[in-house]
Amino acid sequence: MILGSINPAVLLAALMVAATPILLAAIGELVVEKSGVLNLGVEGMMIMGACVGFIVAVNTGSPFIGFVGAALGGMALSLLFALLTQALMTNQVASGLALTLFGLGLTALLGQRYVGITPPRTPKLDLGLLSDIPFLGRALFTHDIVVYLTIALVGAVWWFLKYSRAGMILRAVGENHDAAHALGYHVKRVRVLAIMFGGACAGLGGAYLSLIRVPQWTEGMTVGAGWIALALVVFASWRPWRAMAGAYLFGGVVVLQLNLQAAGVRIPVEYLSMSPYLITILVLVIISSGKGRSLNAPGSLNKPFHASS
Amino acid sequence: MIRLEKRKEPSKLWRIANPFLAVALTMLAGGIMFAMLGKDPFVAIRLIFFDPIFSETFASYSRPQLLIKSAPLILIAVGLAIGFKANVWNIGAEGQYIMGALFGAGVALAFFPAPGWYIFPLMVLAGAFGGFLWAMIPAILKTRFNTNEILVSLLLVYVAERILAAMALGLMRNPDQPGFPGSRDLRRYEAAYNSELIANTGMHWGVVAAIIAVIFAYVMMTRHMLGFHIQLAGQAPRAARFGGVSPARLVIICLGISGALAGLAGMFEVSGPGGQVRIEFASGYGFTAIIVAFLGRLHPIGIVLAGLLLGLTYIGGELSQMMLQLPGAAIQVFQGMLLFFLLALDFQTNYRIRLTQGAHA
Numbered sequence: 004m005i006l007g008s009i010n011p012a013v014l015l016a017a018l019m020v021a022a023t024p025i026l027l028a029a030i031g032e033l034v035v036e037k038s039g040v041l042n043l044g045v046e047g048m049m050i051m052g053a054c055v056g057f058i059v060a061v062n063t064g065s066p067f068i069g070f071v072g073a074a075l076g077g078m079a080l081s082l083l084f085a086l087l088t089q090a091l092m093t094n095q096v097a098s099g100l101a102l103t104l105f106g107l108g109l110t111a112l113l114g115q116r117y118v119g120i121t122p123p124r125t126p127k128l129d130l131g132l133l134s135d136i137p138f139l140g141r142a143l144f145t146h147d148i149v150v151y152l153t154i155a156l157v158g159a160v161w162w163f164l165k166y167s168r169a170g171m172i173l174r175a176v177g178e179n180h181d182a183a184h185a186l187g188y189h190v191k192r193v194r195v196l197a198i199m200f201g202g203a204c205a206g207l208g209g210a211y212l213s214l215i216r217v218p219q220w221t222e223g224m225t226v227g228a229g230w231i232a233l234a235l236v237v238f239a240s241w242r243p244w245r246a247m248a249g250a251y252l253f254g255g256v257v258v259l260q261l262n263l264q265a266a267g268v269r270i271p272v273e274y275l276s277m278s279p280y281l282i283t284i285l286v287l288v289i290i291s292s293g294k295g296r297s298l299n300a301p302g303s304l305n306k307p308f309h310a311s312s
Numbered sequence: 014m015i016r017l018e019k020r021k022e023p024s025k026l027w028r029i030a031n032p033f034l035a036v037a038l039t040m041l042a043g044g045i046m047f048a049m050l051g052k053d054p055f056v057a058i059r060l061i062f063f064d065p066i067f068s069e070t071f072a073s074y075s076r077p078q079l080l081i082k083s084a085p086l087i088l089i090a091v092g093l094a095i096g097f098k099a100n101v102w103n104i105g106a107e108g109q110y111i112m113g114a115l116f117g118a119g120v121a122l123a124f125f126p127a128p129g130w131y132i133f134p135l136m137v138l139a140g141a142f143g144g145f146l147w148a149m150i151p152a153i154l155k156t157r158f159n160t161n162e163i164l165v166s167l168l169l170v171y172v173a174e175r176i177l178a179a180m181a182l183g184l185m186r187n188p189d190q191p192g193f194p195g196s197r198d199l200r201r202y203e204a205a206y207n208s209e210l211i212a213n214t215g216m217h218w219g220v221v222a223a224i225i226a227v228i229f230a231y232v233m234m235t236r237h238m239l240g241f242h243i244q245l246a247g248q249a250p251r252a253a254r255f256g257g258v259s260p261a262r263l264v265i266i267c268l269g270i271s272g273a274l275a276g277l278a279g280m281f282e283v284s285g286p287g288g289q290v291r292i293e294f295a296s297g298y299g300f301t302a303i304i305v306a307f308l309g310r311l312h313p314i315g316i317v318l319a320g321l322l323l324g325l326t327y328i329g330g331e332l333s334q335m336m337l338q339l340p341g342a343a344i345q346v347f348q349g350m351l352l353f354f355l356l357a358l359d360f361q362t363n364y365r366i367r368l369t370q371g372a373h374a
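First to last, the sequence lines map onto chains G and P. Here the first sequence stands for residues 4 to 312, where the numbers follow the working numbering. Here the second sequence stands for residues 14 to 374, where the numbers follow the working numbering.
Don't read these hints as lab results, they were simulated from the structure. Since we're looking at a predicted model, the values are computed, not measured. Take the hints with a grain of salt, since some may be wrong.
[As the list claims (entries may be wrong)] To give an idea of the chain P side of the interface with chain G (calculated C-beta under 10 Å), a few residues:
{"id": "1", "residue": "I45"}
{"id": "2", "residue": "F158"}
{"id": "3", "residue": "L169"}
[What the hints assert, rightly or not] Covered, in the sense of this in silico footprint (three residues per stretch, anywhere, with C-beta under 8 Å from a C-beta of chain G), are these stretches of chain P:
{"id": "4", "region": "35–42"}
{"id": "5", "region": "171–181"}
Just so you know, even glycine gets a beta-carbon here, dropped at the ideal spot from N, CA and C.
Build out the structure end to end from the sequences listed, making use of the hints.
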């Protein structure tokens with residue numbers, strides 16, 4: 004029995020690692036969409052983070068500085084999107100696509116001399132006794148710090164959106180920008196900040212791929228992770244904890260699929276490796292076919308705002 | 014104080030001027046980028062935009078390439094533009110392109126080595142059908158389950174790429190050369206070969222199809238009721254619904270047309286310039302066509318010009334790779350910048366910059 008050769012604790016551990024990059028990108032995009040902006044450039048910002056993070060980490064020898072660079076790289080690209088959509092009032096869908104196409108090209112250029120290099124290792128967090136717990140220790144407490152910080156970030160975003168004053172303003176801007184404007188909130192300022200946060204998160208997610216999960220730099224290495232993160236936000240109905248559940252579910256599919264490949268199942272690798280995309284589509288269908296308004300999309304999502312007076 | 018004021022009507026002048034301005038700005042920014050890469054910017058720009066057509070040394074090779082590279086771009090972009098006008102965002106043309114190629118090549122490989130005049134027309138039908146079928150997945154999911162067509166059509170690109178790899182390594186692999194991935198070379202199978210119609214021009218059936226598609230799209234968008242409905246649905250969805258335009262029908266039509274055209278493009282490529290089903294067959298035409306559609310202002314004639322220009326950048330990119338050792342990715346950056354500049358400039362179409370005195374908000 005092939006499935007017998009798969010150790011569930013190792014599987015669970017690998018699942019958390021596989022889920023982390025898309026969870027990071029998704030939680031950032033969730034905040035962006037909550038402010039009423041649809042940024043389809045997640046894939047572009049992710050690959051930017053993967054590339055910049057890798058270059059910085061290799062040159063400084065520090066994965067930590069690499070992650071900082073990745074966040075800044077993703078943020079820089081997102082500022083371009085903010086400039087286009089918020090100041091120059093361009094179509095958000097087209098601008099997001101442009102961001103992705105541009106990001107893929109730019110990183111292929113930037114990363115050219117870094118193909119085939121191994122980045123500095125990110126140490127695993129030493130959790131002492133915790134990681135000695137049978138089964139759970141192996142599955143939950145043997146990771147690098149980014150995995151735990153990502154979970155903390157999900158919690159922080161949840162708290163921010165639900166309980167903080169700034170979070171409520173952000174939601175107001177996203178639900179009805181005209182009303183928020185009339186109340187005196189700075190719609191554009193809020194949105195630009197949200198877009199920057201989304202860019203930084205996507206950049207971190209990309210760097211997690213190139214510095215920890217793979218770890219290597221190859222052209223176009225995100226292979227759709229950014230798009231899956233976008234789908235995840237819809238799946239989560241714009242709720243942070245559900246985004247995390249979705250990311251872990253997705254991570255499970257990826258890891259299971261990889262394990263089946265390794266176990267030598269008699270299905271060609273190409274068919275197994277399309278399963279994450281197919282499952283994402285399937286989940287999107289199930290969520291969006293739900294009756295009525297349960298979708299919970301922010302009211303002003305993808306609508307341009309221009310103060311007329 | 015600088016203030017943006019919305020124009021009552023989009024400016025016609027800027028609409029037409031902006032693509033040209035965007036190209037000029039891209040050349041400028043691209044020149045700076047080339048200089049940063051340590052290459053002479055003037056030589057590089059000339060090599061990309063001028064030499065493929067006019068240089069005596071290169072033109073004999075690259076002039077025919079212009080039609081070969083531009084035809085698929087135009088064919089795909091014409092279809093995409095129809096959808097974009099109606100706010101139906103098919104961004105998975107790359108996947109439909111791959112499926113069209115696989116369906117077309119599948120027919121050819123099934124008939125191999127039989128001769129017959131009917132084989133090529135059957136491949137054309139199969140190619141269009143393959144792209145159509147692949148586009149129907151997001152279309153039906155959108156109309157039945159209200160699933161976002163942007164995400165589904167894009168995710169299906171990755172699925173199509175995996176199917177392509179599986180076919181090149183498995184079902185469609187050339188049985189006479191089992192050591193190599195990839196199918197039989199269709200250029201060596203006369204009944205299936207999409208050959209040059211006029212020697213040394215690059216003119217093949219795909220170019221003919223692109224011309225027909227442009228005329229067809231032009232007539233449909235300007236003279237036919239369907240074209241009117243599409244424009245109406247894009248600009249005033251509520252009014253369109255009151256006017257009896259079915260949104261679901263439009264989604265099916267827009268995705269169907271663009272899918273079929275992308276499939277055709279893939280089929281003409283695999284049976285001609287591409288030659289065989291290979292893992293690296295997909296070359297990003299489906300994504301570049303999005304830029305072509307926007308640069309051409311979603312108008313069939315504009316798309317022809319934009320398609321020729323971006324086709325030129327492909328050839329010029331190869332040329333500069335060869336002559337200046339410029340990285341291949343530079344041309345991708347170039348194309349991305351073009352779209353950015355165009356989008357950025359377009360604010361002038363819809364808004365007017367006013368300098369006002371004082372800070373009365």
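Hint-by-hint comparison with the structure:
With a cut of 10 Å, the hint placing P:I45 at the interface with chain G is violated, because the nearest CB-to-CB distance is about 13 Å. Below 10 Å, beta-carbon pairs count as interface contacts, and P:F158 has one with chain G at about 4 Å; its hint therefore holds. The interface hint given for P:L169 holds, since its Cβ lies 7 Å from the closest Cβ of chain G, which is under the 10 Å cut-off. Coverage of the region 35–42 of chain P by chain G is violated. Counting CB-CB distances below 8 Å, 0 residues qualify, and the rule asks for three or more.
Figure legend: the region 171–181 of chain P, annotated as covered by chain G; annotation consistent (6 residues with Cβ-Cβ distances under 8 Å, at least 3 required).
Hints 1 and 4 from the list above are not met by this structure, while the remaining hints are.
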